[in-house]
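Number of protein chains: 2
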Amino acid sequence: MQKHFSLEDIMLMDKQERVHFINSIGGFKSVALIGTSDKDKNTNLAVFSSLFHIGANPPLIGIIFRPSPPERNTYNNIIETGFYSINHINENTYKQAHQTSARYDKNISEFDATGLNTEYKNNFFAPFVAESNIQLGIEFKEQIDISINNTIMVIGEIVQVNIPENCLLEDGFVDLEKANTVTCSGLDSYHKTIKLDRLSYAKTDKEITSLKRIE
Amino acid sequence: MQKHFSLEDIMLMDKQERVHFINSIGGFKSVALIGTSDKDKNTNLAVFSSLFHIGANPPLIGIIFRPSPPERNTYNNIIETGFYSINHINENTYKQAHQTSARYDKNISEFDATGLNTEYKNNFFAPFVAESNIQLGIEFKEQIDISINNTIMVIGEIVQVNIPENCLLEDGFVDLEKANTVTCSGLDSYHKTIKLDRLSYAKTDKEITSLKRIE
Numbered sequence: 001m002q003k004h005f006s007l008e009d010i011m012l013m014d015k016q017e018r019v020h021f022i023n024s025i026g027g028f029k030s031v032a033l034i035g036t037s038d039k040d041k042n043t044n045l046a047v048f049s050s051l052f053h054i055g056a057n058p059p060l061i062g063i064i065f066r067p068s069p070p071e072r073n074t075y076n077n078i079i080e081t082g083f084y085s086i087n088h089i090n091e092n093t094y095k096q097a098h099q100t101s102a103r104y105d106k107n108i109s110e111f112d113a114t115g116l117n118t119e120y121k122n123n124f125f126a127p128f129v130a131e132s133n134i135q136l137g138i139e140f141k142e143q144i145d146i147s148i149n150n151t152i153m154v155i156g157e158i159v160q161v162n163i164p165e166n167c168l169l170e171d172g173f174v175d176l177e178k179a180n181t182v183t184c185s186g187l188d189s190y191h192k193t194i195k196l197d198r199l200s201y202a203k204t205d206k207e208i209t210s211l212k213r214i215e
Numbered sequence: 001m002q003k004h005f006s007l008e009d010i011m012l013m014d015k016q017e018r019v020h021f022i023n024s025i026g027g028f029k030s031v032a033l034i035g036t037s038d039k040d041k042n043t044n045l046a047v048f049s050s051l052f053h054i055g056a057n058p059p060l061i062g063i064i065f066r067p068s069p070p071e072r073n074t075y076n077n078i079i080e081t082g083f084y085s086i087n088h089i090n091e092n093t094y095k096q097a098h099q100t101s102a103r104y105d106k107n108i109s110e111f112d113a114t115g116l117n118t119e120y121k122n123n124f125f126a127p128f129v130a131e132s133n134i135q136l137g138i139e140f141k142e143q144i145d146i147s148i149n150n151t152i153m154v155i156g157e158i159v160q161v162n163i164p165e166n167c168l169l170e171d172g173f174v175d176l177e178k179a180n181t182v183t184c185s186g187l188d189s190y191h192k193t194i195k196l197d198r199l200s201y202a203k204t205d206k207e208i209t210s211l212k213r214i215e
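Which chain is which? The protein sequence lines are A and B, in order. Numbering-wise (my numbering), the first sequence opens with residue 1 and increments by one. Numbering-wise (my numbering), the second sequence opens with residue 1 and increments by one.
Any given hint could turn out to be false.
Each pair may be met inside one copy or between any two copies, as identical chains are not told apart.
Unchecked claim - Cross-link-like lysine-lysine pairs, in silico, DSSO-like; alpha carbons within 30 Å at most: (1) K106 to K15; (2) K178 to K195; (3) K141 to K203; (4) K15 to K141; (5) K41 to K206; (6) K212 to K39.
Calculated from the structure, these hints are not laboratory results. Because the structure is a prediction, the values reported are computed rather than measured.
Sequences and hints are given; from them, build the entire structure.
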């Protein structure tokens with residue numbers, strides 16, 4: 001049986017119910033840990049599921065910041081220093097990743113609180129998560145205020161990428177499943193994946209085929 | 001072995017290689033079919049993997065449009081009519097969904113070309129995909145131009161939701177896995193999921209627990 005919800009039904013939901021409902025119905029999401037530090041090298045780590053691809057040339061990635069307090073340390077550090085890391089979450093770290101969403105005091109680093117380790121390398125200012133198989137170094141480019149609900153979109157350029165060598169295919173595709181990257185749905189549900197297929201570039205006059213041959 | 005790529009390495013990649021690389025390293029993505037029609041009821045259907053959650057109150061969802069032609073019918077229809085549908089993709093429809101990315105002539109509907117069926121209901125202007133278990137009706141709210149790479153962010157309000165009744169949990173969470181929703185990585189890789197866990201709201205002073213009990 002299908003169940004129908006109008007906008008009125010949605011707005012009549014209890015606040016937490018609506019948050020769970022709307023956060024889950026968009027589909028599975030990119031979820032990652034954003035690592036930052038302030039100019040005095042006090043580190044911060046926070047889980048985000050509002051990351052999205054903006055473009056490949058230049059390589060740009062977006063994040064949405066809500067106006068609420070827990071994410072503001074990350075935002076402040078990004079604005080203050082200009083750099084942040086995006087670190088994939090895997091089956092061994094998703095519980096620690098989720099724990100970073102607790103509202104720790106400003107003087108406590110979520111790295112220390114969760115036991116995840118900082119990793120500094122390649123002259124990048126912000127800390128990476130040592131336990132992450134895929135690490136992106138991002139340089140802040142632009143902030144766009146979304147006035148309709150008082151959120152902020154932060155656009156960054158991907159200035160470095162660290163991935164396991166065996167996850168890179170010859171056509172540039174990175175096999176996230178091989179890197180054990182997880183996905184999430186809603187605010188708190190974590191999932192691993194099973195590849196159905198990679199499909200060929202779609203043409204109007206021929207059937208799509210499996211790209212498994214190139215892997 | 002970990003492999004490191006600098007921005008320079010990324011910019012030196014062949015164009016298609018960079019497109020695959022950057023599109024995949026952000027993580028698993030929401031992927032869905034966007035259904036529209038023009039004012040004369042000529043329908044269009046296109047697969048998008050740049051959907052993201054913007055907020056729950058009001059319920060808002062974002063999409064990024066590239067400046068390239070294939071997505072422009074969708075964009076034009078949204079601007080012309082103000083409405084579009086977002087339809088989840090499942091294991092039975094992902095090949096047809098991918099096929100919608102072929103560059104069909106403007107007078108050919110991707111519904112007809114791929115064999116997916118339109119469904120009109122609840123007085124919503126845009127066509128839903130009948131084969132989708134989760135269908136969202138969206139009203140256009142705002143366009144934000146992203147000048148840094150000439151893309152467009154379209155923000156819409158979720159004005160109706162159709163889901164299988166048995167996928168809705170008591171706290172508002174929608175079980176996408178039960179609805180057979182798939183995720184994607186890169187431009188062409190489709191994946192089903194295996195739930196690891198749902199985790200409790202994180203607190204600084206206690207360990208997170210599994211929410212499986214409420215399911």
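Checked hints:
no.	hint	result
1	K106 to K15	within (27 Å within a copy, 43 Å between copies)
2	K178 to K195	both (10 Å within a copy, 17 Å between copies)
3	K141 to K203	neither (35 Å within a copy, 33 Å between copies)
4	K15 to K141	between (34 Å within a copy, 22 Å between copies)
5	K41 to K206	between (55 Å within a copy, 27 Å between copies)
6	K212 to K39	neither (46 Å within a copy, 41 Å between copies)
Hints 3, 6 from the earlier list are contradicted by this structure; the remaining hints agree with it.
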